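Visitor: Sequence lines, in order, name chains A and B. Letter 18 of the first sequence, counting from 1, is numbered 18 in my numbering, and no numbers are missing. Letter 79 of the second sequence, counting from 1, is numbered 79 in my numbering, and no numbers are missing.
No wet-lab data here; the hints were simulated from the structure.
Covered by chain B, per the in silico footprint, the following chain A stretches (three or more residues, Cβ under 8 Å):
(1) 31-44
(2) 88-102
Cross-link-like lysine-lysine pairs, in silico, PhoX-like; alpha carbons within 20 Å at most:
(3) K41/B / K2/A
(4) K42/A / K41/B
(5) K20/B / K66/B
(6) K100/A / K55/B
(7) K41/B / K110/A
(8) K100/A / K2/A
(9) K67/A / K100/A
(10) K55/B / K20/B
(11) K2/A / K67/A
(12) K14/B / K66/B
(13) K20/B / K64/B
(14) K66/B / K55/B
(15) K100/A / K64/B
(16) K56/A / K67/A
(17) K110/A / K42/A
No experiment lies behind these values; they were computed from the predicted model shown. From the three backbone atoms N, C-alpha and C, an ideal C-beta is built for every residue, glycine too.
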Amino acid sequence: QKEVEQNSGPLSVPEGAIASLNCTYSDRVSQSFFWYRQYSGKSPELIMSIYSNGDKEDGRFTAQLNKASQYVSLLIRDSQPSDSATYLCAVIRLTGGGNKLTFGTGTQLKVEL
Amino acid sequence: GAVVSQHPSWVICKSGTSVKIECRSLDFQATTMFWYRQFPKQSLMLMATSNEGSKATYEQGVEKDKFLINHASLTLSTLTVTSAHPEDSSFYICSAIQGADYNEQFFGPGTRLTVL
Numbered sequence: 001q002k003e004v005e006q007n008s009g010p011l012s013v014p015e016g017a018i019a020s021l022n023c024t025y026s027d028r029v030s031q032s033f034f035w036y037r038q039y040s041g042k043s044p045e046l047i048m049s050i051y052s053n054g055d056k057e058d059g060r061f062t063a064q065l066n067k068a069s070q071y072v073s074l075l076i077r078d079s080q081p082s083d084s085a086t087y088l089c090a091v092i093r094l095t096g097g098g099n100k101l102t103f104g105t106g107t108q109l110k111v112e113l
Numbered sequence: 001g002a003v004v005s006q007h008p009s010w011v012i013c014k015s016g017t018s019v020k021i022e023c024r025s026l027d028f029q030a031t032t033m034f035w036y037r038q039f040p041k042q043s044l045m046l047m048a049t050s051n052e053g054s055k056a057t058y059e060q061g062v063e064k065d066k067f068l069i070n071h072a073s074l075t076l077s078t079l080t081v082t083s084a085h086p087e088d089s090s091f092y093i094c095s096a097i098q099g100a101d102y103n104e105q106f107f108g109p110g111t112r113l114t115v116l
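The following block holds chain B by itself, in its conformation from the complex:
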């Protein structure tokens, strides 16, 4: 099956710093990738949809200047949390689809971000 990786799997940073999370599709080309955030005991919330070569589409309430998304190639999307604060501590999960098959999303293993 298709594999999606994320790096790093966990990161601890100081308040005010920026953190970059990578999402890669290892054995397929992903024209569309999605970024989700999950707080403890809550469900996954879609943050943004990332299309290769174009600007990401952010969900309502998600600050695009704070959560920078770049999808520069068909196998890599990055999420940069700028000026991170403790309230940004969460589990960040990416997923990817092949072509336009929204019925089959392949999820990455997630990145645990802790901001001190």
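Okay, chain A solo, but in the shape it has when bound:
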């Protein structure tokens, strides 16, 4: 089982719609969860971080965390063509070698006009 799993997509949504991105993780003791956006050829940029169960909203983005189900999601409201990118779910795992940020393989989002 992969440590962080995402559907690779592509996920296509029309402009103005809600995009829903999902992620599951295997390490039950993980406490910190992140969503990054990565444009082609660029390094990832942080969109949201979430540490507690429930929802966290920031503008058009809402992150949802359910630790019991080991599930994290990201909702993007009013999707824009500029949101087209790969979205990486990441989890901080506590290991014997220290805290490590582990990424999923990413979901490619395409927002169509």
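Starting from the known structure of chain A, fit chain B onto it as the hints suggest.
Guide: Positioned in the frame of chain A, the structure of chain B alone reads:
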């Protein structure tokens, strides 16, 4: 916000040569820096954790003699790919944290390495 730079942004080299990539924290002191590698259509994979003044900790499967990491100051870590081969061609990304705040990693812009 905190800024991390990388140099060079891209490099092309011949097989068998060595390439050095620099990662700098521009406006903060980074006790810990991380080096990631990303192959096309794949995710970022942690290669090593670099702590100022001590030896880097490498992830399983990463050859420490091939990927030399030096973190000589609180603002600079370097990754040297020794005897590079075409399979080392990848996007190398560094990140840095302030103190022990692992929840906030600042990523550099990445270095595209192409080995001919």
